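There are 2 protein chains.
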Amino acid sequence: MRILITDVVLLPELGWPWPLESSADHEVFADIGVEDGVIISIQEHGDGECARSGQREAQQGRWDRIIKGRGRLALPGLINAHTHLGMSVLRGYGDDLPLMVWLREKMWPMEDQLTPEDVYWASSMAIGEMLRGGVTTCGDMYFHMDAAAQAVCETGIRASLSRGIQGLGGSGLKGLEEAVRFCQEWHHEAEGRITTMLGPHAPFTCPPDFLRKVVKWAENLAVPLHIHVAETADEVTQIRELYGTTPLGMLAEYGALELPVMAVHCVHFTQDDVDLAREKDVRIVHCPGSNMKLGSGIAPLPELLDAGLKVGLGTDSAASNNKLDLWEEMRFASLIHKAQRQDATAIPGKVSLNLATSGGGETLFLEKVGKLLPGWAADLILVEKEGLHWQPSCNVATSVVYAGQRSDVSLTMVAGRVLYEDGKLLTIDEEKVCHEVNSTAGRLGLIS
Amino acid sequence: MRILITDVVLLPELGWPWPLESSADHEVFADIGVEDGVIISIQEHGDGECARSGQREAQQGRWDRIIKGRGRLALPGLINAHTHLGMSVLRGYGDDLPLMVWLREKMWPMEDQLTPEDVYWASSMAIGEMLRGGVTTCGDMYFHMDAAAQAVCETGIRASLSRGIQGLGGSGLKGLEEAVRFCQEWHHEAEGRITTMLGPHAPFTCPPDFLRKVVKWAENLAVPLHIHVAETADEVTQIRELYGTTPLGMLAEYGALELPVMAVHCVHFTQDDVDLAREKDVRIVHCPGSNMKLGSGIAPLPELLDAGLKVGLGTDSAASNNKLDLWEEMRFASLIHKAQRQDATAIPGKVSLNLATSGGGETLFLEKVGKLLPGWAADLILVEKEGLHWQPSCNVATSVVYAGQRSDVSLTMVAGRVLYEDGKLLTIDEEKVCHEVNSTAGRLGLIS
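In the order they appear, the protein sequences are chains A and X.
The letter at position 202 of the first sequence is residue 202 when you use my numbering, and the numbering goes up by one with no holes.
The letter at position 37 of the second sequence is residue 37 when you use my numbering, and the numbering goes up by one with no holes.
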């Protein structure tokens, strides 16, 4: 399928790495050509008024479809680098509770009752919610992962999938075996949209012996690790008592940081952790919404970025957020650090926009995902900026972060395929997934 | 106009004061009758399936219009207790800059160039944005206030309006004179939708002599004061150097707290300030989004509520937010205090929902505005909760805060009149206001 998207507005800033090298704020109009899941051309032109429509019409035979951009903003698809899709069925169950009560009394007892079919429907719903909000890639860690992978296959989203495993209790090795089998079966499946990682849950649930086995398997499989690190102050205390070091230090001690690692949360990183992460090129996922809602704290994002670390954004699950909305996470990422440091210049809007796009691609170890550039994945969204809440757009890039909202997304494309357009999900039966998820919630006694 | 809204879902929690007396989470179905701008009846019934449609049809002659609620959630209209409507034309101008640079180099030079017509169009646009997001009342402080009042008259929103004044430089008494005249002309106008306050800008811009004059005039006019207090750490330092007390202490010293006072921000309140505010029944507006974006800090909301103070939420202006979105402010109000204190139980979602509704009504000194109760103002909104991001709704009240978004609002009614319905503003020509606001922005050189 060859698609031409005409007359979109582009933000040149999004091609750049942070720290930002320039403060140029101008946008340009362009046509984007897509073929075989990849952006093949970006042709800049003067304005949004179909300046070269004659020329395009002459080219029309080259394209199977022409999508009229009509001055909408084209952005790289947003990347939700850390979530637990299957937990969407637990959305709103346990709001405003302390983390351990939430986990022990609410989440775990319910998760024990989830079937693969439940995870399939919850994942499908979560993917639908994300596509509507312009998310084109997610990093998922959960269980019954064949069901999640099936939902990824069918819906058309891009995903890095990990079977979450932990070494406490008796089920660790069985989980590891399943996780290894999952990587072997699914890595690079769904036309390459699926990649896999091994998902040891966290330093405090993966003792050294277990962790060593996971590391060895990750080496064999040549996949990265996806792991929660230093999410809460309690975790840091516990790990220090057990191992005399920080959670990241513990991972280093047992060889995990010799592999590619995506570390999630990192709320309670010390400066030594930041330095160690830089030395080992650990990729970081910042989850401000979930860290706030669970009372975990505020991660040292400015220090992480100052150190040159690669950082993406994640929503965490709908049970601890309660949205899968990268627009919110971008805004949180800029706002909460300004508040905490009483410094309005902390984490400028454009930095958050980069974290939510190319930052996420790097964090998930994906090649050429997260920028609008020729040769990169055709994962993109079109955004309406005609709403009252966008006027005037003195600075389009910061308006995305500070004024935009997920309902401004009017088209979502993944790997060159349109999955959401003009209010409709094209690969998901919304009524059906809502019905099935609410049936599960009813069976579990979560709703009346 | 007599309107019956059938088969809506109500949240009984919203009738209650905080601290919440009950944790009951159940919702009820009901029909809401409206006449002469007031809710005249709320009839609970069994379910959403038009249970008593026969009975209602028999009653049909009583109503000029029947609005089918179809299981949508009915909430009291949201109240944006503090904003500067006219500043919407400066949205996105000066993002990510320190407060004083933002103010001195960006806002003030532009504000000097604004005409009454500019303020009229910017206010109309801001009101349109708010109505779309379910805001039915706002507290506005700005200048060229006749223009703002005209916009309020025409659009149908409810508003408490203050001409912002300050005593530094030579224009103080002229401003005060204008503010007094504004109160005299506009208080209780627009069928009672407009109320007025005097708006001395802040303790640091209103020296004692000037403040005393303002207090005297407020007494004469019998209107409250609307004032920024303790927004930044610098302000507190400056006031302590000048007067040897806190900003609120300074207001007390010069008699201002003997009047009804709405104090905005209160980010840097001490415990003594909290105690003083309680003693004087000072109403507080919490503006978390703006306080974060300008790097001002995080107000001690839990302490304010523990003291039993009446608190509302505000967006501040679109130049420092950049949205006029109470859904976001509710979520911020719950999330940032959890993060700061590392306590997931801080400011539960239901508390924020109360702050955004009845809290705002009390803060603005309005009678019977902010709850869905017979005899109260017919200011209400209908909210679609069928979207994927609402499923499952284990707890509808917290889902409003943690999962809901402004685009879920499908109908906004103020004083018994529908102003927004099914995607259309009924009293505002959106294309025209966007055009006019962007013309102003172009004239000021804010956009190319």
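The hints are simulated quantities; they were obtained by calculation from the structure and are not laboratory data.
For clarity, every value in this text was computed on a predicted model and none was experimentally measured.
Built from N, CA and C at the ideal position, the CB exists for glycine as well.
Among the hints, erroneous ones may be present.
Said to hold, decoys possible - Derived lysine-lysine pairs resembling DSSO-like cross-links, with alpha carbons at most 30 Å apart:
1) A/K280 x A/K385
2) X/K216 x A/K424
3) A/K68 x A/K280
4) X/K216 x X/K280
5) A/K424 x A/K371
6) A/K424 x X/K424
7) X/K371 x X/K280
8) A/K385 x X/K174
9) X/K385 x A/K106
10) X/K432 x X/K106
11) A/K68 x X/K280
12) A/K106 x A/K68
13) A/K432 x X/K385
14) X/K280 x X/K68
15) A/K368 x A/K385
16) A/K68 x X/K216
17) X/K68 x X/K385
18) A/K68 x A/K385
19) A/K174 x A/K213
20) A/K385 x X/K424
21) X/K68 x A/K432
22) A/K280 x A/K424
23) X/K432 x X/K216
24) A/K424 x X/K368
25) A/K432 x A/K371
26) A/K106 x A/K385
27) X/K385 x X/K371
28) A/K432 x A/K368
29) X/K280 x A/K385
30) X/K371 x A/K385
To be verified - Example chain A residues on the side facing chain X (calculated, C-beta under 8 Å, incomplete):
31) T270
32) Q271
33) V274
34) L276
35) R278
36) G295
37) S296
38) P302
39) L335
40) Q342
Against the structure, the hints come out as follows:
Between the alpha carbons of A/K280 and A/K385 the distance comes to roughly 41 Å, so the proposed pair goes past 30 Å and is violated. The hinted pair formed by X/K216 and A/K424 fails the criterion: a straight-line CA distance of about 59 Å is larger than 30 Å. Between A/K68 and A/K280 the CA atoms are separated by roughly 45 Å; this puts the pair beyond 30 Å, and the hint is violated. The hinted pair formed by X/K216 and X/K280 meets the criterion: a straight-line CA distance of about 17 Å does not exceed 30 Å.
The straight-line distance between the Cα atoms of A/K424 and A/K371 is roughly 25 Å, inside the 30 Å bound, and the hint therefore holds. About 20 Å separates the Cα atoms of A/K424 and X/K424, which keeps this hinted pair within 30 Å; it holds. Pair hint X/K371 plus X/K280 holds up; C-alpha atoms about 25 Å apart against a cutoff of 30 Å. For the given pair, A/K385 sits about 40 Å from X/K174 by alpha-carbon distance, which is inconsistent with the 30 Å threshold.
Taken as a hint, the X/K385 and A/K106 pair is honoured in the structure, with Cα atoms around 23 Å apart against an allowance of 30 Å. With a C-alpha separation of about 26 Å, the suggested pair X/K432 and X/K106 falls inside the 30 Å cut-off, and the hint holds. For the suggested pair A/K68 and X/K280, the alpha carbons sit about 60 Å apart, so the restraint of at most 30 Å is broken. A distance of roughly 47 Å separates the Cα atoms of A/K106 and A/K68; the hinted pair therefore is violated under the 30 Å criterion.
A C-alpha spacing of about 16 Å is found between A/K432 and X/K385, which places the hinted pair at or below 30 Å, so the restraint holds. In summary, the hint linking X/K280 to X/K68 is not supported, as the alpha carbons are separated by about 45 Å, beyond the 30 Å threshold. Distance hint between A/K368 and A/K385 is fulfilled; the C-alpha atoms sit about 27 Å from each other, no more than 30 Å. Of the supplied pair hints, the one linking A/K68 and X/K216 is violated, its CA atoms being roughly 62 Å apart against a limit of 30 Å.
Among the hinted pairs, X/K68 with X/K385 is consistent with the structure: their alpha-carbon atoms are about 15 Å apart, no more than 30 Å. Between A/K68 and A/K385 the CA atoms are separated by roughly 15 Å; this keeps the pair inside 30 Å, and the hint holds. With a C-alpha separation of about 12 Å, the suggested pair A/K174 and A/K213 falls inside the 30 Å cut-off, and the hint holds. Our distance criterion of 30 Å between C-alpha atoms is met by A/K385 and X/K424, whose separation comes to about 17 Å.
Between X/K68 and A/K432, the direct Cα distance comes to roughly 24 Å. Compliance with the 30 Å bound is thereby established for this hinted pair. Proximity of A/K280 to A/K424 is assessed by CA-CA distance (about 43 Å); at most 30 Å being required, the pair is judged violated. Of the pairs offered as hints, the one joining X/K432 and X/K216 is violated, with about 42 Å between alpha carbons and a cut-off of 30 Å exceeded. Taking the CA atoms of A/K424 and X/K368, the gap is about 41 Å. The hint is violated against a cut of 30 Å.
With a C-alpha separation of about 33 Å, the suggested pair A/K432 and A/K371 falls outside the 30 Å cut-off, and the hint is violated. Distance hint between A/K106 and A/K385 is unfulfilled; the C-alpha atoms sit about 40 Å from each other, more than 30 Å. Simply put, X/K385 and X/K371 have alpha-carbon atoms about 20 Å apart, close enough for the 30 Å limit, and the pair holds. Using a Cα cut-off of 30 Å, the hinted pair A/K432 and A/K368 is violated, with the two alpha carbons roughly 34 Å apart.
Between X/K280 and A/K385, the direct Cα distance comes to roughly 45 Å. Violation of the 30 Å bound is thereby established for this hinted pair. Pair hint X/K371 plus A/K385 does not hold up; C-alpha atoms about 34 Å apart against a cutoff of 30 Å. Interface hint at A/T270: violated, since its Cβ lies 17 Å from the closest Cβ of chain X, which is beyond the 8 Å cut-off. Checking A/Q271 against chain X by beta carbon gives a least distance of about 20 Å; that is not within 8 Å, so the hint is violated.
Proximity of A/V274 to chain X is violated relative to the hint, the smallest CB-CB distance being about 20 Å (cut-off 8 Å). For A/L276, the suggested interface contact is broken, since its CB lies about 24 Å from the closest CB of chain X, more than 8 Å. Given the 8 Å rule on beta carbons, the hint for A/R278 is violated: about 25 Å separates it from the nearest Cβ of chain X. With its C-beta approaching chain X no nearer than about 4 Å, A/G295 sits inside the 8 Å limit, and its interface hint holds.
A cut of 8 Å between beta carbons decides the hint on A/S296: the least distance to chain X is about 7 Å, and the hint holds. For A/P302, the interface hint is violated, since its Cβ never comes within 8 Å of a Cβ in chain X; the closest pair sits about 12 Å apart. About 4 Å separates the beta-carbon of A/L335 from the nearest beta-carbon of chain X, less than 8 Å, and the hint is met. Given hint, A/Q342 at the interface with chain X, holds; its Cβ is 5 Å from that chain's nearest Cβ, closer than 8 Å.
Going through the hint list in order, the structure does not satisfy hints 1, 2, 3, 8, 11, 12, 14, 16, 22, 23, 24, 25, 26, 28, 29, 30, 31, 32, 33, 34, 35 and 38.
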